[in-house]
Amino acid sequence: MTLAFTAESEEKFKALLGRYPNRQAALIPTLVIADREFGYLSREVMEYVAERLDLPKTYVLNTATFYTLLHKQPVGRYHVQVCVNVSCYLNGADHIADHLKRKLGIGFGEITEDGLFSLEGVQCLASCGTAPAIQVNDDYHENMTPEKADQLIDSLRQAGGGQ
Amino acid sequence: MNDQTIETPGKHLLRCGPGEDILDLDRHLATGGFEAVKKALDMQPDAVREEVKKGNLRGRGGAGFPAGVKWGFIPADNPKPRYLLVNADEGEPGTFKDRYFLEHDPFPLLEGIIISAYAIGANTSYIYVRGEFVKQIRILEDCIAQLYKSGYLGEKVLGRDYKLDIYVHPGAGAYICGEESALMESIEGKPGRPRNRPPFPAVVGLFGCPTIINNVETMACVSLVFRHGAEKFVQMGLEKDGGPKIYCLSGHLKKPGLYEAPMGTNLKTLIYDYAGGTLDDRPIKGVIPGGSSTPVLTADEIDISMDFSSLAAAGTMLGSGATIVFTEGTCPVAVLKRISQFYAHESCGQCTPCRSGTGWLSRIVDSIESGNGRAGDCDLLLDAAGNISGNTICALGDAAAMPVTSFVTKFRDEFERHIAEGRCPYGN
Ligand SMILES: Cc1cc2nc3c(=O)[nH]c(=O)nc-3n(C[C@H](O)[C@H](O)[C@H](O)COP(=O)(O)O)c2cc1C
Ligand code: SF4
Ligand code: FES
Numbered sequence: 001m002t003l004a005f006t007a008e009s010e011e012k013f014k015a016l017l018g019r020y021p022n023r024q025a026a027l028i029p030t031l032v033i034a035d036r037e038f039g040y041l042s043r044e045v046m047e048y049v050a051e052r053l054d055l056p057k058t059y060v061l062n063t064a065t066f067y068t069l070l071h072k073q074p075v076g077r078y079h080v081q082v083c084v085n086v087s088c089y090l091n092g093a094d095h096i097a098d099h100l101k102r103k104l105g106i107g108f109g110e111i112t113e114d115g116l117f118s119l120e121g122v123q124c125l126a127s128c129g130t131a132p133a134i135q136v137n138d139d140y141h142e143n144m145t146p147e148k149a150d151q152l153i154d155s156l157r158q159a160g161g162g163q
Numbered sequence: 001m002n003d004q005t006i007e008t009p010g011k012h013l014l015r016c017g018p019g020e021d022i023l024d025l026d027r028h029l030a031t032g033g034f035e036a037v038k039k040a041l042d043m044q045p046d047a048v049r050e051e052v053k054k055g056n057l058r059g060r061g062g063a064g065f066p067a068g069v070k071w072g073f074i075p076a077d078n079p080k081p082r083y084l085l086v087n088a089d090e091g092e093p094g095t096f097k098d099r100y101f102l103e104h105d106p107f108p109l110l111e112g113i114i115i116s117a118y119a120i121g122a123n124t125s126y127i128y129v130r131g132e133f134v135k136q137i138r139i140l141e142d143c144i145a146q147l148y149k150s151g152y153l154g155e156k157v158l159g160r161d162y163k164l165d166i167y168v169h170p171g172a173g174a175y176i177c178g179e180e181s182a183l184m185e186s187i188e189g190k191p192g193r194p195r196n197r198p199p200f201p202a203v204v205g206l207f208g209c210p211t212i213i214n215n216v217e218t219m220a221c222v223s224l225v226f227r228h229g230a231e232k233f234v235q236m237g238l239e240k241d242g243g244p245k246i247y248c249l250s251g252h253l254k255k256p257g258l259y260e261a262p263m264g265t266n267l268k269t270l271i272y273d274y275a276g277g278t279l280d281d282r283p284i285k286g287v288i289p290g291g292s293s294t295p296v297l298t299a300d301e302i303d304i305s306m307d308f309s310s311l312a313a314a315g316t317m318l319g320s321g322a323t324i325v326f327t328e329g330t331c332p333v334a335v336l337k338r339i340s341q342f343y344a345h346e347s348c349g350q351c352t353p354c355r356s357g358t359g360w361l362s363r364i365v366d367s368i369e370s371g372n373g374r375a376g377d378c379d380l381l382l383d384a385a386g387n388i389s390g391n392t393i394c395a396l397g398d399a400a401a402m403p404v405t406s407f408v409t410k411f412r413d414e415f416e417r418h419i420a421e422g423r424c425p426y427g428n
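Note that the protein sequences, when read in sequence, are chains A and B.
Numbering-wise (our numbering), the first sequence opens with residue 1 and increments by one.
Numbering-wise (our numbering), the second sequence opens with residue 1 and increments by one.
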């Protein structure tokens, strides 16, 4: 096995083990760490997690497939998640979604050719008072407008080394 | 408790204004922080529970179950360890209040957890935080670390003979994990599929041990009960429904946001005085009072006290206090479509009435909105919703059915018009 957690992730992983009376309970937090570290949960990554927690591979797979934030496919370097639920909808979420699709040239569930962006429609992000809301990786962007969406994508493109 | 620690009314739960936060223990202590915890830890656990009962604190997660009463369901003679789970999954569409505590003011939440865990005899508490809240999780973990460092958590909480560990457990994007038994499954490392009850969590819960699950705002309210005393807490709300409430106001409003007001504040006051009225002063068409699963109110029904009993009497629910307002010019079928898609997407799929029923509801609403509805679809929707209610393992089934029943009943002529004209009259 070639995969290994970085020292920082390893420390977080070790800390997890002391928090629960059994190893299974550390599974989801460990998958969260692994998803972050390796970009997504490939078969190899899931096997690594299974080995580290001494759990059957099928157990890990069964749990991982249930949760949408545990990515089973690669996502872009910037994973753009647009809330399409009711409060955001009332405040124009569909326009933001359409605008982003045009701007990035991809639909929901797709990834740009350069691997920089992926786009996804998601459910309520708990930002309904500042709707419409989107989340890019760890960051929330609220009270979105098409102009703000443009600025955001342009600045990420620059930071990400695109043109 | 001395009166100096009482902030201005309306600032008990939401004491940090926009852009403010209290993330440093010393700053929190300077506001009278942890006096409530000291007071509670000087009492017997049973007396702590009695005080919470006296405060008539009803759970803020959705169902409004009295907190002190729930705590009493743990069998006294069960020798297993006990757990306190704090529900910070905050998934019900329209809800964005628990995030405030995680992001701006975690110490009152942590105070409530220490007091509640002590009252039920738990030595471990997990806070289950939705996975999207990456930053909030970091903030919360930092505040917890400060408490360990200062002796407020660990082997001897505040030097007393009481041990408590608090851990943050991340969710991973599944609305159903906000349901208490699915939440336990999720912590145990499994898919979040709700459990059959009985047994109830207070008897057989996390890892098979007695477990209490409470919402974040409920925990913050527990700390208020001890900061001010149960009597004052009741006075901050209604006699049978004590304390202040955080209302999440969103939709077509001039000033959407979080507002703290006494439990039982009139809905019109919240909309017009707090949130500044509707966008462009358009007339209201409908208000979903307590999160997207709660039955909708029409404009002539909004002169109502926003508390658990009054809304129940009006055929709806206070739920999580997530109030979504939409004005004239909004297509009610389009609103219901979003809601029905959500519940169909989030069904965990283990009971047939919910798995097939939610998908069916969503598809019918979708076809009506897109102009492909058929005569009889309204009755079909009412029938299908009726067949889900009461026939499922958890309340997600009802959550999916209630909006359908209420929208179709209250806006029936608009649904029929979609069907008759074969298109959305709003041009969607
Ligand atoms: C489908 C579903 C989702 C729920 N989501 C949440 C949630 O996100 N947060 C929450 O506090 N309670 C949620 N609840 C309610 C919990 O099951 C539970 O009643 C609550 O956390 C108890 O806390 P309380 O007594 O303090 O209100 C949900 C219930 C259902 C049926
Ligand atoms: S009602 Fe729906 S969400 Fe709840 S257990 Fe049944 S299938 Fe799962
Ligand atoms: S509906 Fe979009 S954040 Fe709640």
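To be clear, the hints were calculated from the coordinates, so they are not data collected in a lab.
Please note: incorrect hints may appear among the correct ones.
[What the hints assert, rightly or not] Restraint ranges, calculated between C-beta atoms of paired labels, are given here:
#1 A:151 <-> B:417: 49 to 57 Å
#2 B:426 <-> A:9: 48 to 56 Å
#3 A:101 <-> B:427: 42 to 50 Å
#4 A:6 <-> B:200: 53 to 61 Å
#5 B:380 <-> A:8: 37 to 45 Å
#6 B:18 <-> A:101: 40 to 48 Å
#7 A:62 <-> B:395: 21 to 29 Å
#8 B:349 <-> A:2: 45 to 53 Å
#9 A:36 <-> B:282: 21 to 29 Å
#10 A:9 <-> B:421: 56 to 64 Å
[Stated by the list, open to error] In silico DSBU-like links for lysine-lysine, alpha-carbon gap of 30 Å or less:
#11 B:80 <-> A:101
#12 A:101 <-> B:38
#13 B:38 <-> A:57
#14 B:163 <-> B:135
#15 A:57 <-> B:255
#16 A:14 <-> B:135
#17 B:255 <-> B:38
#18 B:255 <-> A:12
#19 A:14 <-> B:190
#20 A:12 <-> B:254
#21 A:103 <-> A:72
#22 A:14 <-> B:254
#23 A:72 <-> A:12
#24 A:148 <-> B:254
#25 B:149 <-> A:14
#26 A:14 <-> B:80
#27 B:232 <-> A:12
#28 B:163 <-> A:14
#29 A:72 <-> B:135
#30 A:72 <-> B:254
#31 B:38 <-> A:148
#32 A:12 <-> B:135
#33 B:135 <-> A:103
#34 B:163 <-> A:12
#35 A:148 <-> B:149
For each residue, glycine too, the CB sits at the ideal point set by N, CA and C.
Quick rundown of the hints versus the structure:
1. A:151 <-> B:417: 49 to 57 Å: violated (41 Å)
2. B:426 <-> A:9: 48 to 56 Å: holds (50 Å)
3. A:101 <-> B:427: 42 to 50 Å: violated (21 Å)
4. A:6 <-> B:200: 53 to 61 Å: Since residue 6 of chain A and residue 200 of chain B have Cβ atoms about 43 Å apart, the given range 53 to 61 Å is violated.
5. B:380 <-> A:8: 37 to 45 Å: Distance hint for residue 380 of chain B, residue 8 of chain A is violated at roughly 55 Å.
6. B:18 <-> A:101: 40 to 48 Å: With a Cβ separation near 32 Å, residue 18 of chain B and residue 101 of chain A fall outside 40 to 48 Å, so the hint is violated.
7. A:62 <-> B:395: 21 to 29 Å: For residue 62 of chain A and residue 395 of chain B the Cβ distance comes to about 25 Å; the hint holds.
8. B:349 <-> A:2: 45 to 53 Å: At roughly 36 Å between Cβ atoms, residue 2 of chain A and residue 349 of chain B fall outside 45 to 53 Å, so the hint is violated.
9. A:36 <-> B:282: 21 to 29 Å: violated (44 Å)
10. A:9 <-> B:421: 56 to 64 Å: This hint holds: roughly 58 Å between Cβ atoms.
11. B:80 <-> A:101: Measuring from Cα to Cα gives roughly 53 Å; hence the hint is violated.
12. A:101 <-> B:38: violated (55 Å)
13. B:38 <-> A:57: violated (47 Å)
14. B:163 <-> B:135: Distance ~28 Å between residue 163 of chain B and residue 135 of chain B Cα, so the pair holds.
15. A:57 <-> B:255: violated (50 Å)
16. A:14 <-> B:135: Answer holds: residue 14 of chain A to residue 135 of chain B is near 21 Å, not above 30 Å.
17. B:255 <-> B:38: violated (39 Å)
18. B:255 <-> A:12: Cα-Cα ~41 Å, so violated.
19. A:14 <-> B:190: holds (20 Å)
20. A:12 <-> B:254: With Cα atoms ~44 Å apart, residue 12 of chain A and residue 254 of chain B exceed 30 Å; violated.
21. A:103 <-> A:72: holds (25 Å)
22. A:14 <-> B:254: violated (48 Å)
23. A:72 <-> A:12: holds (22 Å)
24. A:148 <-> B:254: Given that 30 Å is the threshold and the Cα spacing comes to 20 Å, the pair holds.
25. B:149 <-> A:14: holds (20 Å)
26. A:14 <-> B:80: holds (26 Å)
27. B:232 <-> A:12: The given pair, whose Cα atoms are some 43 Å apart, is violated under the 30 Å limit.
28. B:163 <-> A:14: holds (22 Å)
29. A:72 <-> B:135: holds (23 Å)
30. A:72 <-> B:254: This hinted pair is violated, its Cα atoms lying about 41 Å apart.
31. B:38 <-> A:148: violated (48 Å)
32. A:12 <-> B:135: With a Cα-Cα distance of about 16 Å, the restraint between residue 12 of chain A and residue 135 of chain B holds, given a limit of 30 Å.
33. B:135 <-> A:103: It holds: about 28 Å lies between the C-alpha atoms, which stays within 30 Å.
34. B:163 <-> A:12: holds (23 Å)
35. A:148 <-> B:149: Between residue 148 of chain A and residue 149 of chain B the Cα gap is close to 42 Å, so the pair fails against 30 Å, i.e. violated.
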